[in-house]
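> Chain by chain, the residues run as shown.
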Amino acid sequence: KNEVEQSPQNLTAQEGEFITINCSYSVGISALHWLQQHPGGGIVSLFMLSSGKKKHGRLIATINIQEKHSSLHITASHPRDSAVYICAAHRMYSGGGADGLTFGKGTHLIIQP
Amino acid sequence: DSGVTQTPKHLITATGQRVTLRCSPRSGDLSVYWYQQSLDQGLQFLIQYYNGEERAKGNILERFSAQQFPDLHSELNLSSLELGDSALYFCASSVEGSTGELFFGEGSRLTVL
Numbered sequence: 005k006n007e008v009e010q011s012p013q014n015l016t017a018q019e020g021e022f023i024t025i026n027c028s029y030s031v032g033i034s035a036l037h038w039l040q041q042h043p044g045g046g047i048v049s050l051f052m053l054s055s056g057k058k059k060h061g062r063l064i065a066t067i068n069i070q071e072k073h074s075s076l077h078i079t080a081s082h083p084r085d086s087a088v089y090i091c092a093a094h095r096m097y098s099g100g101g102a103d104g105l106t107f108g109k110g111t112h113l114i115i116q117p
Numbered sequence: 026d027s028g029v030t031q032t033p034k035h036l037i038t039a040t041g042q043r044v045t046l047r048c049s050p051r052s053g054d055l056s057v058y059w060y061q062q063s064l065d066q067g068l069q070f071l072i073q074y075y076n077g078e079e080r081a082k083g084n085i086l087e088r089f090s091a092q093q094f095p096d097l098h099s100e101l102n103l104s105s106l107e108l109g110d111s112a113l114y115f116c117a118s119s120v121e122g123s124t125g126e127l128f129f130g131e132g133s134r135l136t137v138l
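Top line first, the protein sequences correspond to chains A and B. So for the first sequence, this note's numbering puts the first residue at 5; every next one is plus one. So for the second sequence, this note's numbering puts the first residue at 26; every next one is plus one.
Each hint should be verified, as a subset may be incorrect.
[Unchecked claim] Straight line, CA to CA, 25 angstroms or less: simulated DSS-like cross-link-like pairs of lysine-lysine:
1) A:Lys109 with A:Lys58
2) A:Lys58 with A:Lys72
3) A:Lys109 with B:Lys34
4) A:Lys109 with B:Lys82
[Said to hold, decoys possible] Far from chain B, by Cβ distances over 10 angstroms, these chain A residues were calculated:
5) Ser11
6) Glu19
7) Thr24
8) His37
9) Leu63
10) Lys72
11) His77
12) Thr79
13) Ile90
14) Ala92
15) Leu105
16) Lys109
17) Ile114
18) Gln116
FYI, nobody ran anything at the bench for these hints, they're computed from the structure. Given the structure is predicted, the values throughout are model-derived calculations rather than measurements. Each residue gets a CB set at the ideal place from its N, CA and C atoms; glycine is no exception.
Take these sequences, add in the hints, and give me the full structure.
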């Protein structure tokens, strides 16, 4: 079992729909990142969360530390939102240190006009 | 534009060869991370440097090594290349050494023939 699990793996929706992508993790974390990767490869960091909720434009990210779960929501989805969305956890060690990210396998999102 | 520069963008080489990938972090960022993205393994953390010192190590092969120089740019050296090393190699930088918003370069695509 991967330490970071995402669902769904693939999602196709119509323009305007509300999108939710889920991420569950099984390790203690210091922060969780949501990343976006468009065809062609470039990666953009959307959010970094350690608690609560963050909003940027039509994107909302939430995290529940007790349940070890995070969600990424897209409101009023648009074809330009089509991309791979990747959840990544900064693991935390008992000494307080954190290491590089552990990644989920990504959610391939396609928004059809 | 994330401010992180990676060179070269594309590299084709033969098995057994050695290559060096270069990363210049955003101005002011002290931490550099290296990641590998392959079709079968997804994104994996390789290694992190903070202000010239190795901070954390992930799934980096012994054939691979990295360093961060006094001007904070970093190089990832891949030697005795195998077909399976073909992948996208991403560099990311952040201000903080532990957790912080990450800024990704556009990646270096390595093809080993």
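> Please go over all the hints and tell whether each is borne out by the structure.
Against the structure, the hints:
no.: 1; hint: A:Lys109 with A:Lys58; verdict: holds (22 angstroms)
no.: 2; hint: A:Lys58 with A:Lys72; verdict: holds (17 angstroms)
no.: 3; hint: A:Lys109 with B:Lys34; verdict: holds (24 angstroms)
no.: 4; hint: A:Lys109 with B:Lys82; verdict: holds (20 angstroms)
no.: 5; hint: Ser11; verdict: holds (15 angstroms)
no.: 6; hint: Glu19; verdict: holds (27 angstroms)
no.: 7; hint: Thr24; verdict: holds (21 angstroms)
no.: 8; hint: His37; verdict: violated (7 angstroms)
no.: 9; hint: Leu63; verdict: holds (15 angstroms)
no.: 10; hint: Lys72; verdict: holds (17 angstroms)
no.: 11; hint: His77; verdict: holds (20 angstroms)
no.: 12; hint: Thr79; verdict: holds (22 angstroms)
no.: 13; hint: Ile90; verdict: violated (7 angstroms)
no.: 14; hint: Ala92; verdict: violated (7 angstroms)
no.: 15; hint: Leu105; verdict: violated (5 angstroms)
no.: 16; hint: Lys109; verdict: violated (5 angstroms)
no.: 17; hint: Ile114; verdict: holds (19 angstroms)
no.: 18; hint: Gln116; verdict: holds (25 angstroms)
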